[in-house]
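Could you build all of it, start to finish, from the sequences and the hints given here?
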Amino acid sequence: MSLARPARTRQATAAPKPAQKSARSSRAPRAVPPAGRPAARHRADLLEAMLRIRRFEERCVELYSAAKIRGFVHLYIGEEAVAVGVNEVLTPEDAVVSTYREHGHALARGITAEAVMAEMYGKTTGCSGGRGGSMHLFDASRRFYGGSAIVAGGLPLAAGLALAGRMRGQNHVTCCFFGDGAFAEGEFHETANLAALWNLPLLLACENNLYAMGTALAREHAQADLAMRAASYGMPAWAVDGMDAEAVEQAARRAVEGIRAGTGPHFLELRTYRFRAHSMYDPDRYRDKAEVEQWKARDPINRLTDRMREDGQPVDEELEQIERRITEEIDHAVEAAEKAPEEPAENLLRHVTSARQGG
Amino acid sequence: MGASGTAEPKTTYREAMREAIREALRSDDRVFLMGEDVGRYGGCFGVSFGLLEEFGPERVRDTPLSESAFVGAGIGAALAGMRPIVEIMTVNFSLLALDQILNNAATLLHMSGGQLPVPIVIRMTTGAGRQLAAQHSHSLEGWYAHIPGIRVLAPATIEDARHMLAPALADPDPVLIFEHGSLYGLAGELRPPTRPVDLDHAAIRRPGTDISLITYGGSLPKALAAADELAAEGVDAEVIDLRTLRPLDDAAVAASVARTHRAVLVDEAWRTGSLAAEVSARIAERSFYELDAPVERVCSAEVPIPYARRLEEAALPQSADIVAAAHRAVD
Ligand SMILES: Cc1ncc(C[n+]2csc(CCOP(=O)(O)OP(=O)(O)O)c2C)c(N)n1
Ligand SMILES: [Mg+2]
Numbered sequence: 008m009s010l011a012r013p014a015r016t017r018q019a020t021a022a023p024k025p026a027q028k029s030a031r032s033s034r035a036p037r038a039v040p041p042a043g044r045p046a047a048r049h050r051a052d053l054l055e056a057m058l059r060i061r062r063f064e065e066r067c068v069e070l071y072s073a074a075k076i077r078g079f080v081h082l083y084i085g086e087e088a089v090a091v092g093v094n095e096v097l098t099p100e101d102a103v104v105s106t107y108r109e110h111g112h113a114l115a116r117g118i119t120a121e122a123v124m125a126e127m128y129g130k131t132t133g134c135s136g137g138r139g140g141s142m143h144l145f146d147a148s149r150r151f152y153g154g155s156a157i158v159a160g161g162l163p164l165a166a167g168l169a170l171a172g173r174m175r176g177q178n179h180v181t182c183c184f185f186g187d188g189a190f191a192e193g194e195f196h197e198t199a200n201l202a203a204l205w206n207l208p209l210l211l212a213c214e215n216n217l218y219a220m221g222t223a224l225a226r227e228h229a230q231a232d233l234a235m236r237a238a239s240y241g242m243p244a245w246a247v248d249g250m251d252a253e254a255v256e257q258a259a260r261r262a263v264e265g266i267r268a269g270t271g272p273h274f275l276e277l278r279t280y281r282f283r284a285h286s287m288y289d290p291d292r293y294r295d296k297a298e299v300e301q302w303k304a305r306d307p308i309n310r311l312t313d314r315m316r317e318d319g320q321p322v323d324e325e326l327e328q329i330e331r332r333i334t335e336e337i338d339h340a341v342e343a344a345e346k347a348p349e350e351p352a353e354n355l356l357r358h359v360t361s362a363r364q365g366g
Numbered sequence: 002m003g004a005s006g007t008a009e010p011k012t013t014y015r016e017a018m019r020e021a022i023r024e025a026l027r028s029d030d031r032v033f034l035m036g037e038d039v040g041r042y043g044g045c046f047g048v049s050f051g052l053l054e055e056f057g058p059e060r061v062r063d064t065p066l067s068e069s070a071f072v073g074a075g076i077g078a079a080l081a082g083m084r085p086i087v088e089i090m091t092v093n094f095s096l097l098a099l100d101q102i103l104n105n106a107a108t109l110l111h112m113s114g115g116q117l118p119v120p121i122v123i124r125m126t127t128g129a130g131r132q133l134a135a136q137h138s139h140s141l142e143g144w145y146a147h148i149p150g151i152r153v154l155a156p157a158t159i160e161d162a163r164h165m166l167a168p169a170l171a172d173p174d175p176v177l178i179f180e181h182g183s184l185y186g187l188a189g190e191l192r193p194p195t196r197p198v199d200l201d202h203a204a205i206r207r208p209g210t211d212i213s214l215i216t217y218g219g220s221l222p223k224a225l226a227a228a229d230e231l232a233a234e235g236v237d238a239e240v241i242d243l244r245t246l247r248p249l250d251d252a253a254v255a256a257s258v259a260r261t262h263r264a265v266l267v268d269e270a271w272r273t274g275s276l277a278a279e280v281s282a283r284i285a286e287r288s289f290y291e292l293d294a295p296v297e298r299v300c301s302a303e304v305p306i307p308y309a310r311r312l313e314e315a316a317l318p319q320s321a322d323i324v325a326a327a328h329r330a331v332d
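Protein chains in written order, with the numbering used here: chain S, 8 to 366; chain B, 2 to 332.
There is no bait here: all hints are sound.
Here chain S is said to cover these stretches of chain B; the calculated rule only asks that three of the stretch's residues, wherever they fall, bring their Cβ under 8 Å from a Cβ of chain S:
#1 35-49
#2 127-140
#3 298-305
#4 312-318
Simulated from the structure, these hints should not be mistaken for lab results.
C-beta: ideal position from N, C-alpha, C; glycine also.
Structure representation (C-alpha cells):
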C-alpha cells in the first residue's frame, strides 16, 4: 500500500455529531481503486492528469516570457499530486473552491487546456471571458467556483456552498483548496469553527508547501502542526504526503466518505512543495537551493512512474503516448488562444450586474 | 523628471521610500516596520529590501498573513508609545483590516474623550495597470479619505516618497500612505527639499492659465502627459497634485480654479462616490462663480478592473481621456 504516511489521525475531542439528516441520495463513493478501472489503468490516468498540468504550466512560462500572458501567474509545478489525487474522489456534482495558484485545480477538474489558455491570453473564449486571467478561473458548469486572489478569501464561500447543498438535501461535498499561509488568516479559523459547528459537508484541503510567498512555515506559525490545530476545531484532520498522488487520493477518499456519511468537515494537510518561485515576479531568494533540490527528488510524477515501473507496468510506452496527447492538446490550446477574439472595449461594462448592462 | 544624458545619480520612488523608512528607523527607536514579507523577502514591491539586515528582526518584523491582527497590533503598539510603520501589501488586502483602521485607529481618540491618540503610519500599494485583475487593482484610498480621524497621503513624486514619511510619523494621529504600484520604478534626481515637506498642502506640479487638471498619485504622470499634449495644441494647463487626500487642501483647489476657471478631475477610483466627486462638490460650493464650464471628471469605469489588457486600458483613465475632457471644458 502506498499511503506514505497516513500520519497522525487526531479525531475531534468534541462530542460526536449527529449524523446528517434528510440527505436525499447517498451515492456510494468510489471504491479503491475505482470499480471497473484496473489499477494499472487508474495509475496511468493519474499520471496523465499530473503531466497535463506540468506541461501546461511549462508552456505558460514560455508564453509569459513571450509576453503572451501577463499579470500574476502562480505555478503549481511540484504540487500536481494534490489537485489530481483530491479530484479523483470528487463527483461532478461536488463543488470546488480554489486559489490564485489554480491551473492544476482547474485542469484536474476537467476545464479544458483550451479554455484555461484562452483565459490566460485574456480572450473571450477563456473560461472567465478574459476578465479573470490566471488567478480567476471559473466554470459554473463544473461547479468550479474558482480562483480567489485574496488569501483565504475562498474559505467562507466554500462553507456557504456546503451549507446550501445540505439545506437543499443534496449529498454534495464542497472542497476548498488553500495554503499554509491562508491557515494564519482569521477567515480560515472562522470558517473552520463555523463548518464544524454546523457539521458542514466541507473538505478543507490545505496545501502546505512550506512557504507563504517568502515566509517559511516556521516563521508564520507558532505551532506548525496544521492538522493538529485543525483537529482542535472538532473535525477529523490528517497530514498526508502531498507528493504522492495515490496517497492523496486515498486520504481524500476516506475524508470524503466521512463527509458524505454526515460526519461534518474534514481537514487534510497536504504536505507538498512548489518547485518554482511564488510567482513570475518572485526572485526566490529566501529558499535554500539544496532544499528545492531535495524536494525535486520527490517529484510526484517521477514517484508514480517509478512505482509503475517497479510493479512491471510498461510505463515508457505509456509515457510516450501521454506526452504526445498532451503536446497536441496544448499546441491546440495555444493555437486556439492565439486565434481567439479579444473582447472589444465597447463590452467593458458587461457582467457588472446581472440585469443591466453595466453600473 | 530628472535631466537625461547627465551623470546625475538617479533615485527611484522605491528607493526614496526605503530611504525614508531607513531614516525613521535610525532616528527614532520607537519606530519599527512590520508587515507580510517586509523582512526576509524585502517587501513584495522591494521597498524594504536590506532593512532587515540593517535593523534586525525586532524592528523589521515579518508577520503571518493576518492583516486584521497585525494592523490592530500596530494600533495597540502606537497606543503604548511606539511609532509603528505597518505595511499592507495592497489596499485590496487592507479590507481585512478595515475594521481595525476604522473602528479603532480612527475613533479611539474621540471615543476616549481625547485620551488615546493613535500615532501609527500604515502604508500600502494601490491602483491598477499591470493586468492583475479585479482583486489586485482597485483604488480604494477614497474610501479611507471618507473617514474622520485619519490623514490620507498619496505621494506621487520621488520627493514626496522620500519626505512625507517623517512628518507622517510626527503626526499624533493615524496616517495612511498610498503608493501607486506604477510609481515604484519612477526614477529621477532626488533634490533636497527647498522647504520642509508638509502634509497640508497640494502642490502645483505645472503652472498654467487655461485649465486646472486636478489629480493625485498614479494619475499624476498621466495628467502631466496630458498637459504636454494640450500645450502642443495651445492650451496651457495647470496640474495640481492633491498629495494629501484628507484633509483636502480646499484653498489650493479654489485658487487654481480662480486662475483657470475650468477644472478636470482625474482619479483612478470609480467615479461614483469618488474623491473626484468630493473635490467637484467643493468646487461647486466654493468656486461656482469662477467656473466658465462644467467640471469634468476622468475616473475609472464602473467595473471591477478586468484582466485583459485592452479592457483594463479601457477601464482606466488615460492621458487621451484627460485631453478630451479638457477640450470639452475649453472649447
Ligand atoms: C489577504 C491577502 N494578503 C496578502 C496577499 C498576498 N499574497 C498572495 S499569495 C501569498 C502567500 C500565500 O501563501 P499560501 O497560503 O501558503 O499559498 P501558496 O502561495 O503557498 O500556494 C500572499 C502573501 C493576498 N493575496 N491576500
Ligand atoms: Mg504556501
